[in-house]
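As they're listed, the protein sequences go chains A and B. Counting from 66, one number per residue, gives the positions in the first sequence under this note's numbering. Counting from 339, one number per residue, gives the positions in the second sequence under this note's numbering.
Hint data in this document are derived by calculation from the structure and do not stem from the laboratory. Note that CB positions come from ideal geometry on N, CA and C, so glycine has one too. Among these hints, one or two may not hold up.
Simulated crosslink set (BS3-like; lysine-lysine; CA at most 25 Å straight-line) [as the list claims (entries may be wrong)]: (1) B:K501 with B:K514; (2) B:K851 with A:K509; (3) B:K519 with A:K513.
Partial selection, computed: residues in chain A whose CB lies under 7 Å from chain B [to be verified]: (4) T113; (5) D180; (6) P184; (7) S254; (8) N258; (9) Y344; (10) E352; (11) D383; (12) I388.
The primary structure of each chain is shown beneath.
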Amino acid sequence: MVKVGYKDISEISGPLIFVRGVKDAGYNEMVTIETPDGEIKSGQVLDTRNGLAIVQVFGSTSGLDSNNTTVRFRGETARIKVSDEVLGRIFNGLGEPIDNGPQLVSKEDVEIVGDAINPYSREEPSEFIQTGISTIDGMNTLVRGQKLPIFSGSGLPHNVLAAQIARQAKTLKTGESFAVVFGAMGITSEEANFFMNEFRKTGALSRAAIFMNLSSDPSMERIILPRVALTTAEYLAYEREYHVLVILTDMTNYCESLREISSAREEVPGRRGYPGYMYTDLSTIYERAGKIRGKNGSITQLPILTMPGDDITNPIPDLTGYITEGQIVMSRELQRKGVYPPVDVLPSLSRLMNQGIGKGRTREDHRGVADQLYSAYATGKDLRSLSAIVGEESLSASDKSYLKFADNFESKYVTQRLDEDRTIEDTLNISYDLLSELPESEMKRLKKDFITKYGKWK
Amino acid sequence: MGKIIRVSGPVVVAEDIENQKMFDVVRVGELNLIGEIIKMNGNKATIQVYEDTSGIKPGEKVETTGKPLSVELGPGLLKSIYDGIQRPLDIIRESSGDFIRRGYTANPIDLKAKWDFRPIVKKGDEIRGGQILGTVQETSLIEHKIMAPRRLEGKISEITDGKLTVTDVFAHVSTKNGERKLTMRQEWPVRTIRGVKSKLPPSIPLVTGQRVIDTFFPVAKGGTVAVPGPFGSGKTVVQHQLSKWADSEIVVYVGCGERGNEMTEILTTFPELQDPKSGKPLMERTILIANTSNMPVAAREASIYTGISIAEYYRDMGYGIALMADSTSRWAEALREISGRLEEMPGEEGYPAYLGRRLSEFYERSGNAIIDGNPDRNGSITIVGAVSPPGGDISEPVSQNTLRVTRVFWALDASLASRRHFPSINWLNSYSLYESELLPWFSENISKEWPTIYSRMMNILQKESELQEVVQLVGYDALPDREKSILDVAKIIREDYLQQSAFDDVDQYCSLKKQIVMMKLIMHYSEEIEKAVELGFSMEEIQNIPSKEKISRIKEVRENDLESYYKDAISSIDADLKRIRGEK
Numbered sequence: 066m067v068k069v070g071y072k073d074i075s076e077i078s079g080p081l082i083f084v085r086g087v088k089d090a091g092y093n094e095m096v097t098i099e100t101p102d103g104e105i106k107s108g109q110v111l112d113t114r115n116g117l118a119i120v121q122v123f124g125s126t127s128g129l130d131s132n133n134t135t136v137r138f139r140g141e142t143a144r145i146k147v148s149d150e151v152l153g154r155i156f157n158g159l160g161e162p163i164d165n166g167p168q169l170v171s172k173e174d175v176e177i178v179g180d181a182i183n184p185y186s187r188e189e190p191s192e193f194i195q196t197g198i199s200t201i202d203g204m205n206t207l208v209r210g211q212k213l214p215i216f217s218g219s220g221l222p223h224n225v226l227a228a229q230i231a232r233q234a235k236t237l238k239t240g241e242s243f244a245v246v247f248g249a250m251g252i253t254s255e256e257a258n259f260f261m262n263e264f265r266k267t268g269a270l271s272r273a274a275i276f277m278n279l280s281s282d283p284s285m286e287r288i289i290l291p292r293v294a295l296t297t298a299e300y301l302a303y304e305r306e307y308h309v310l311v312i313l314t315d316m317t318n319y320c321e322s323l324r325e326i327s328s329a330r331e332e333v334p335g336r337r338g339y340p341g342y343m344y345t346d347l348s349t350i351y352e353r354a355g356k357i358r359g360k361n362g363s364i365t366q367l368p369i370l371t372m373p374g375d376d377i378t379n380p381i382p383d384l385t386g387y388i389t390e391g392q393i394v395m396s397r398e399l400q401r402k403g404v405y406p407p408v409d410v411l412p413s414l415s416r417l418m419n420q421g422i423g424k425g426r427t428r429e430d431h432r433g434v435a436d437q438l439y440s441a442y443a444t445g446k447d448l449r450s451l452s453a454i455v456g457e458e459s460l461s462a463s464d465k466s467y468l469k470f471a472d473n474f475e476s477k478y479v480t481q482r483l484d485e486d487r488t489i490e491d492t493l494n495i496s497y498d499l500l501s502e503l504p505e506s507e508m509k510r511l512k513k514d515f516i517t518k519y520g521k522w523k
Numbered sequence: 339m340g341k342i343i344r345v346s347g348p349v350v351v352a353e354d355i356e357n358q359k360m361f362d363v364v365r366v367g368e369l370n371l372i373g374e375i376i377k378m379n380g381n382k383a384t385i386q387v388y389e390d391t392s393g394i395k396p397g398e399k400v401e402t403t404g405k406p407l408s409v410e411l412g413p414g415l416l417k418s419i420y421d422g423i424q425r426p427l428d429i430i431r432e433s434s435g436d437f438i439r440r441g442y443t444a445n446p447i448d449l450k451a452k453w454d455f456r457p458i459v460k461k462g463d464e465i466r467g468g469q470i471l472g473t474v475q476e477t478s479l480i481e482h483k484i485m486a487p488r489r490l491e492g493k494i495s496e497i498t499d500g501k502l503t504v505t506d507v508f509a510h511v512s513t514k515n516g517e518r519k520l521t522m523r524q525e526w527p528v529r530t531i532r533g534v535k536s537k538l539p540p541s542i543p544l545v546t547g548q549r550v551i552d553t554f555f556p557v558a559k560g561g562t563v564a565v566p567g568p569f570g571s572g573k574t575v576v577q578h579q580l581s582k583w584a585d586s587e588i589v590v591y592v593g594c595g596e597r598g599n600e601m602t603e604i605l606t607t608f609p610e611l612q613d614p615k616s617g618k619p620l621m622e623r624t625i626l627i628a629n630t631s632n633m634p635v636a637a638r639e640a641s642i643y644t645g646i647s648i649a650e651y652y653r654d655m656g657y658g659i660a661l662m663a664d665s666t667s668r669w670a671e672a673l674r675e676i677s678g679r680l681e682e683m684p685g686e687e688g689y690p691a692y693l694g695r696r697l698s699e700f701y702e703r704s705g706n707a708i709i710d711g712n713p714d715r716n717g718s719i720t721i722v723g724a725v726s727p728p729g730g731d732i733s734e735p736v737s738q739n740t741l742r743v744t745r746v747f748w749a750l751d752a753s754l755a756s757r758r759h760f761p762s763i764n765w766l767n768s769y770s771l772y773e774s775e776l777l778p779w780f781s782e783n784i785s786k787e788w789p790t791i792y793s794r795m796m797n798i799l800q801k802e803s804e805l806q807e808v809v810q811l812v813g814y815d816a817l818p819d820r821e822k823s824i825l826d827v828a829k830i831i832r833e834d835y836l837q838q839s840a841f842d843d844v845d846q847y848c849s850l851k852k853q854i855v856m857m858k859l860i861m862h863y864s865e866e867i868e869k870a871v872e873l874g875f876s877m878e879e880i881q882n883i884p885s886k887e888k889i890s891r892i893k894e895v896r897e898n899d900l901e902s903y904y905k906d907a908i909s910s911i912d913a914d915l916k917r918i919r920g921e922k
């Protein structure tokens, strides 16, 4: 069926066009826009009234005019085709193949704005994922179905860490199918190449679906991209029983596109110009991680964001932290000291850790060890700043041992090689090596039984 | 029939709706989405829609139901999980699958379930609205009291007993305006306060089993608490702990714009956890309202009203209710989003000018009250509202407006959380205005020493923060021994008393009896070392006595062994100190 074309465009402002004479455009309906020189763009209805529709254009509005541009309303909201064939393929932000391969053929045609998972249908995530990285496995454990972002800063090795996690992540079960969905929003081609090479080298490419929007690509597509990627991930997880790891990078670029649209719509801005509904908007991305009762697949999300000015109170990390189940925070200070991965464990957190660890999952003493490391490292760091003022000599003997602990913790526990894949046993053993340098009486977070069973105190 | 003329997100404008009234519920579009009229202008009505409006077009129909947004009340509410407008999520799942599809509705309470109704009034009795007419055992923990609808007055002309559904007529009442048939199902508009006869001053604490709360910042039954804190500071864990262990009879947990997995956690853990008093599963006394962050934003706005209306209904039966709202900031953001779409003039940070009024109206629905109606009874609602200030800075409007109306403030502190000091309630910034009203209760019911020990412990903590500043300047070694001893005791209070694990079988719930024993033990240690220091012994000699470990391990001791452990700990401390004194 040929859709009626509308040519009466009354206003073009930023990425928005105002189409007059439309009577029945649906909210969020997709539109096709033909520019005077024959180029085809797509867009979406943001506001619809009797006789007026406001359309957000994906891509630039250059070349559009108010007389010869044709707007056709497709009569449906944004949908993409999904099938097993997505694995090994590369798409743009709208889900169109850009790897010169064939178009996807599938009967499955799904809306990209997914309905919310019924909270009653969710299954509590509880399967431990071993990433081989001590700071994560030991102290901020990732579990299957969790959304755990990496809060980083520009110039920090978040991509390297994400790639290492993607490479090493495994569970203690066998015989399951894994897939990676990679969504790149506004990253540079260099960063994109890094990930592509990584996937190629490790053979992960054949089980990855890649959605790519580089910094030179239309920024409006960044709004659609994570939804396209997650719709694909949901299909793989809940229809095809894959355990999907979704890496989204960089969420900061996503939020900036959101702000761009909001300001073009002349909405009342919230903090730092970001729209007031950014929390709700982000939640419709992050909350699509999880597990559903009775289904074998799962979606684990690893979004990456760079904190503008390393400021964790910036709205992007702030709102993200309120939605996600914890965060892995990278520190410039550790990076300067040459520590890789420069994960600062103190502000880091995994909210689902308790469900994934302990007896029968990792080890019975895991919680106690983690808490003990946290409090000892925090004490050590406090003393570090104190000794900078009053000098190390005026510290007591026990304080000095904490100071030493903090140094060892950074150089032996946090630091590991790019290809070092530590088992959880290794991580716990290193923990006891470090803790046993402190007096046993200070081990208040560890149960007596565990000290006797695993401890290395003389 | 009404017709849509504009759609913008959750806000829809329609014209020519017949019989439109402010705040009436309407069905929008061909999908029959649920909405509420929030503004009227001539024949135009602005509607906030509780479901996603994608694909809805101008020209589609709008019909009013003629009723304001209401909750359905009756036996069968407990153990349920609802969304923000009381749609039962378990039933929705059966019909719509694992994802919430639009336009689905189901009855909030089971219409088919049979309840064993026991009347307590008889034929010929004069009854008035609010009177208890009979009871139904709703769960093993809660007896549901069937109350006469408000504003009813008349004489019972017929009453039955036995197995009834909520729609069966159980009584006929002859009133001035003719005969009325009563069923156990009632409706109540959520935005209307269920009035009470009068409110009582707070006098009894809500015992939570959390040491830092019960000892230092207690809340009275019927009180209000604000829990602001940045992300990761443990707001949700505090709320979960309270809904698990607080000694209220019923818990209404409103998950308002928060994570889906948190609701799942409650759903999986509560049926397994036991109520410390009765030993019955905690789910038997719990009602969940789950409107997670990715569910429609207008329903999030409604969710706290749905929650509080249900709480008021049970309060009217004479129960004590604890209502957890996690998080009121998300509710306020929903308000802001809708206000923005209505193009209202924004107040501070884009929030509507009526934010403060709406917040205080909500908190005012708490309280310890005398219920209108026979027999005389009291009920209370305690509201614990989490606040999620952006960047953890509580100078923002939601925190400030909340603090104006709440009387307890638990300040969650990110720096405590990052060293895994949980619950991360900062003891210097938090306060409880109920303290003076509740201390007499503690001294009468728990121990006469409670008020003195409490203030001494608080003093030590305050002194510690002053001394820390001195240490920053001159170093620990430069302090006199007397001061060192204060730091030593403060450290014990912080680490061995205030810290409490939410995940340890024993430590997660600490009775008031155990709290006073622990406090006495710490104070005994404090007095003894003070004496030793006065005698001229240095802290270096004293502070490493082996019996100190007994203090830190008392957390792990079960209630039954507490008495003997306490005696043993006291005598070891005495022995250790005697040994030191003897050696010199």
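Quick rundown of the hints versus the structure:
Pair hint K501 (chain B) plus K514 (chain B) does not hold up; C-alpha atoms about 30 Å apart against a cutoff of 25 Å. For the given pair, K851 (chain B) sits about 23 Å from K509 (chain A) by alpha-carbon distance, which is consistent with the 25 Å threshold. The suggested pairing of K519 (chain B) with K513 (chain A) is violated, with an alpha-carbon distance near 65 Å, which exceeds 25 Å. Checking T113 (chain A) against chain B by beta carbon gives a least distance of about 5 Å; that is within 7 Å, so the hint holds.
For D180 (chain A), the interface hint holds, the least distance from its beta-carbon to any beta-carbon of chain B being 4 Å, beneath 7 Å. At a threshold of 7 Å, the smallest CB-CB gap from P184 (chain A) to chain B is about 4 Å, leaving the interface hint in force. Using the Cβ-Cβ criterion of 7 Å, the hint placing S254 (chain A) at the interface with chain B is not satisfied: the shortest such distance is roughly 32 Å. Restraint check, N258 (chain A) versus chain B: the minimum CB separation of about 33 Å is more than 7 Å; hint violated.
The interface hint given for Y344 (chain A) holds, since its Cβ lies 6 Å from the closest Cβ of chain B, which is under the 7 Å cut-off. For the restraint placing E352 (chain A) at the interface with chain B, the shortest Cβ-Cβ distance is roughly 4 Å, inside the 7 Å limit, so the hint holds. Annotation: interface hint on D383 (chain A) holds; nearest CB of chain B at approximately 5 Å, less than 7 Å. Interface restraint check for I388 (chain A): the shortest CB-CB distance to chain B comes to about 6 Å, inside 7 Å, so the restraint holds.
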